[in-house]
Amino acid sequence: MSDVPAVRFIRVCRRFGEVVAVDDVSLEIQDREFFCLLGPSGSGKTTCLRLVAGFEQPDSGAIELAGKPAAGVPPYDRDVNTVFQDYALFPHMSVRENVGYGLMVRKVNAAERERRVQEALELVRLPAAAERRPAQLSGGQKQRVALARALVNRPRVLLLDEPLGALDLKLRQEMQLELKALQEKVGITFVHVTHDQEEALSLSNRLAVFRDGRIEQVGTPAEVYEQPATAFVADFVGVSNLIQGTLATSLTGSPGAFTIRPERIRLVSESEALGGDVCSTTGVVRDVVYLGMHTRYVVELPGGERLFVAEQNRAATAAQVHAARGRRVRLAWERAAQRPVAGSR
Amino acid sequence: MRRLATALHLRPRLTLALLLAPPLLWLGIVYLGSLLALVMQSFFRLDDYTGLVVRRFTLSTWRAFFTPANLDIVARSVAMASAVTLATALLAFPLAYYMARYARARMRAFLMLAVLMPLWSSYLVRVYFWKLILAKEGVVSYLAAIVGLEGVLDFVLALPVVGGPSLSVSPLGAFVAFVYVWLPYMVLPVVAALERVPASFVEASFDLGGRPRQTLRYVTLPLALPGFVAGGIFTFSLTLGDFVVPGALGNSSFFLGQAVLAHQGTAGNVPLAAAFTVVPMVLMALYLVLAKRLGAFEAL
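Which chain is which? The protein sequence lines are L and Z, in order. The first sequence begins at 40 in this note's numbering and counts up by one. The second sequence begins at 132 in this note's numbering and counts up by one.
Chain Z on its own, in the form it takes in the complex:
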C-alpha cells in the first residue's frame, strides 16, 4: 500500500490520469456518446407502414420537423423559457444581493436553507401542489374572492395567449410553477457571483458620483452577469426540456419536452423525437454565444 502510494506520488501524471479516467469515460462514452447517437437518430426515419425505424441517412425526418405546427412548439417553448429565465433573474437578484452583501452568517444560512429546502421534496409533488393552489376552486381564487380581486383574476385569465379557463390550465399557471421550481438554480449562482464583487467596487462607484441606479447598471450588474448567465443555463434548458409542468398546468398546446415524449413514447417515432431534442441543444449553444457577445465571461 505504501509502495503504491509512493509510486503514484512520484508519477503525478499517472495519478492524474487514473483520477480523471472514470469521469472522462462517463462524460465521453455514456454522455457524449448517447448524445451523438441521439443526433444520428434524427437523420433516420420511421417507416409509416411497418412502424420500424429505417436506419439509413435521410433528411425526411427534418423535413417533417419543419412544419408550422412544430415550429409553433419551438417558439412557444423558447418564449416560456425566456420569460421564466427573466422572471427568476428578477426575483433572484434582490434576494441574492441581500444574501451576499448584508445578511449575517446565521441569516445567510437560514436563507440558503430556505432556497434549497424545496429541492428536498419531490419535484412532482411540488408541481402538483401548484395545481391545487392554482385550481379553479384553489387557494389563489379563494384568496382573490376574499380580498375582492376576482375581477383582476378573471381579467388575467381572459388575456389571449397566456390565459385559460383557470390558472391551473393556462400558460400563466405553467409559468408560475416553472418560476417556482427553477428559482433556486438562479439564486445560487447569482449569490456566488455577487460574493466575488468586493464591496469596495460599489463604494468606488458611489465615491465617483455614481448614483445607486448608475452603480447597479454599470458596476454591480455587469460584474454579476456571469452568475445570471450560469443560472440562465439552468432555468432556460430545464424549462425547454420539461414535460411535467406544461402537462400538469398548461393547456393543450405542446412544449418541446411534451413533443419528445409524445413522439418517442406514444407514436414510437424516435427519429422525430430526436429531432425535437436537437432543438434545445442548438438553442443553448446560441444562448452561450449570445452571452459571450454580451461580455458575460469577461469579468471571470
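So that you can see chain L by itself, here it is in the shape it has in the complex:
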C-alpha cells in the first residue's frame, strides 16, 4: 500500500476526428482500489481504459502509472494487464499456453511458468482445463481463463473492459461476487468499465460516472447514489425523479431543482397527518409496472409532470397493485430525501 495513486489522469483529452471521446478528465485511482468507470456507451469510459493500457495516447494531458509518466511507454512495458470484452483468447493455443503467454514472452523459465499457470488456474477455479482450447470453453470459463491470463503476470493494475457483458444474468451475478473476492485476495488495483449501474454499485470501492467524455461525479457507491451531483448521475445511477421550475416552487417554495428517488416517495392515505418536514402532493396513477419484488407506479401530477414511485410488494399481489391504475393518490416524502442538483438531464 502506498500513497502514490496507482493510476492518475491529469487533464486528459482524446479526440477521434470530430468526436471528443475523453474531454479534460482528471482522476486518481488509489492503490488496491476496486474502481469502476460507469457510463452509457460512447461516454468515453472504454477509451480511458485503453489510455491506461497504452493502446491509445492522449492528445493532451498526461497519465501517470504509480507516479511515473506513462507517455512513450508502449503497452508491453506497462505494469498493467487487461481482460478484454471479447476475452481475446488466442484460438490456436491451449488454455495453458494462453495463460502462460505473458510469462513466455517475458522469458520466465518453464518450471516457474508451469507452477504459476497452475496457480492462476486454481485461483479462477479452473484447475483441470489446462489442455483445452478456447473454442471448447463456455462463456464463463473463457472469462475465467482471460482473468487468469492477466493475473498470472501479477500486474499492479488490472483493467476489465465490460468483462461480464456477454454473460447471462445469473452467471453475471456469480462472477461479480467472484471478481470482488478475487480482488480482495490478490490485493491489486482493479479498474472495471461497465454500463451496468448495479454492477458498479455492488463491486466498487469508488466509481466515476462518465457522460460525453467527461466525469460527472467521483465517489463511493453510497455517495453517488445518495448524493448525486447532477441530474444525469441521479438518473443514470438508479431511477430518479427530477423536479425543477414551477413544480419545485409550488412544492418547496423555491425554484431550486432537486431529485428524489422513487423509493423515498410513499403513497399515503388522505387522512394521514404529515409533519412539517414532509412534502406532499396528489396525482393520478397512470401506469403500474409490476417488478416482482417491488412495483413502480407512474403518477401524473395536476401540472402534467410524471413521477416514479416505488413500493415494496410486502403483502400486495400483482392483481392488487394493478388495480391502482387510474386511482387518485397522495404522495409524500421527507424533505431530507431531496437532493439539490445542478444541470439538466
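Treat the hints as calculated values from the structure; they're not laboratory data. Remember, predicted model here, so these are calculated numbers, not experimental data. Be careful, since some hints might not be right.
[What the hints assert, rightly or not] Derived CB-CB ranges, DEER-like:
{"hint": "1", "chain 1": "Z", "residue 1": "255", "chain 2": "L", "residue 2": "116", "range": "30 to 36 Å"}
{"hint": "2", "chain 1": "Z", "residue 1": "244", "chain 2": "L", "residue 2": "216", "range": "53 to 59 Å"}
{"hint": "3", "chain 1": "L", "residue 1": "57", "chain 2": "Z", "residue 2": "285", "range": "26 to 32 Å"}
{"hint": "4", "chain 1": "Z", "residue 1": "278", "chain 2": "L", "residue 2": "111", "range": "36 to 42 Å"}
{"hint": "5", "chain 1": "L", "residue 1": "205", "chain 2": "Z", "residue 2": "323", "range": "22 to 28 Å"}
{"hint": "6", "chain 1": "L", "residue 1": "57", "chain 2": "Z", "residue 2": "153", "range": "51 to 57 Å"}
{"hint": "7", "chain 1": "Z", "residue 1": "221", "chain 2": "L", "residue 2": "178", "range": "36 to 42 Å"}
{"hint": "8", "chain 1": "Z", "residue 1": "323", "chain 2": "L", "residue 2": "326", "range": "48 to 54 Å"}
{"hint": "9", "chain 1": "L", "residue 1": "193", "chain 2": "Z", "residue 2": "244", "range": "45 to 51 Å"}
{"hint": "10", "chain 1": "L", "residue 1": "59", "chain 2": "Z", "residue 2": "276", "range": "55 to 61 Å"}
{"hint": "11", "chain 1": "L", "residue 1": "193", "chain 2": "Z", "residue 2": "323", "range": "35 to 41 Å"}
{"hint": "12", "chain 1": "L", "residue 1": "148", "chain 2": "Z", "residue 2": "428", "range": "28 to 34 Å"}
Idealized CB from N, CA, C, for every residue including glycine.
Take the given structure of chain L and dock chain Z to it, following the hints.
Just chain Z now, kept in the frame of chain L:
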C-alpha cells in the same frame, strides 16, 4: 412454375441434389476422370519403332522417368516453386497486413484493384513485357547504368545456378517474372486470413508483454498461416506447371511444365509426359500434408 417451386421447396434433398449435380458431374467425370486417365497413361509406354502408345500395363515409362536428367528437372522446378512461394509470401504480408488492418475503405478498394488489375491483361503479354524489362538492352540494365550499378548487375548475373548472360535469359529473370505474375494469388488469401484475426488478439499480446516481433511470431503469423498455405497452393502449383515463363525468360534447362510440353507435343511420348504430370500432383499432396503437420488448419 409455382407448383414446381412448391414441390422443390417441400423436398430440400431433391433440390440440393439437382443443384449439386452439374458441378459434381463436372468435377467427378470431366476433371477427376481425365486426371485418372492421365495417371493411367503413365503406366503405358511408347513403342520406339512405331511411335505408337502401347496400351498395356508396364513400369518401363516410370523406369525411363527416373534418370538423373529428369530428376534434375524435378529438383529445379521444386526449388523455383519454393523460392517463388517464399518470395510472394514475404512481399504479400506487409501489403496484406496494411490492407486488412489499417487501410480505410477507399484505400483498400484502390489497393485491391491495384493487386487485381494485372490479371485483366493477358498473362502472355505480361510475361513478354518482363522479357523487355529484363533484356540486355532493357529497362533494368538501362537504369542500372544510370545509377552506376552495372557492377552489381554483372555480379548477380555471374552467380552460378541463378545467373546467365542477361536477366532475361536466367533463372533469376524467370523468378522475377514468376513472383510478379503469381503475387495476387498470394495477397488475396492472406488478406482474407488477416481480416479474420481480430485486432484485440494483437492488443492482447502487447498487453501481456509481447513485443512487436514476438506478437508477429506467436500470434499474427500462426493465425494467418492458413492464408499463406492457401496462397502457397496457388503459387507453388502454378509455378510447377508453368512452361511459358521459363520458356520466355529462363535458360535452356527445362522445368516440369516444359518437359510435359516437349514430351507430349514434340516427341509424342504421352506416357512420359503423363509421368511428368503426376510429379506436381504428388508434390502438392506432400505440401498439404506438411502444412497440416505445421498446424496450418488448426485455427480455421
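Tested hints:
Checked against the given bound of 30 to 36 Å, the beta carbons of residue 255 of chain Z and residue 116 of chain L, roughly 54 Å apart, lie outside it. The hinted window of 53 to 59 Å between residue 244 of chain Z and residue 216 of chain L holds, with their beta carbons roughly 55 Å apart. Checked against the given bound of 26 to 32 Å, the beta carbons of residue 57 of chain L and residue 285 of chain Z, roughly 57 Å apart, lie outside it. At about 39 Å, the beta-carbon gap between residue 278 of chain Z and residue 111 of chain L stays in the expected band of 36 to 42 Å.
The supplied range of 22 to 28 Å is met by residue 205 of chain L and residue 323 of chain Z, whose beta-carbon atoms lie about 26 Å from each other. Between residue 57 of chain L and residue 153 of chain Z the beta carbons are some 53 Å apart, a value that agrees with the proposed interval 51 to 57 Å. Our hint of 36 to 42 Å for residue 221 of chain Z and residue 178 of chain L holds, since their Cβ atoms are close to 39 Å apart. In this structure the hint that residue 323 of chain Z and residue 326 of chain L lie 48 to 54 Å apart at CB holds, the actual value being about 52 Å.
Between residue 193 of chain L and residue 244 of chain Z the beta carbons are some 50 Å apart, a value that agrees with the proposed interval 45 to 51 Å. A hinted range of 55 to 61 Å holds for the C-beta pair residue 59 of chain L and residue 276 of chain Z, which are about 57 Å apart. For the hinted restraint 35 to 41 Å between residue 193 of chain L and residue 323 of chain Z, the CB-CB distance of approximately 39 Å keeps it satisfied. Our hint of 28 to 34 Å for residue 148 of chain L and residue 428 of chain Z holds, since their Cβ atoms are close to 32 Å apart.
The structure shown violates the earlier hints numbered 1 and 3.
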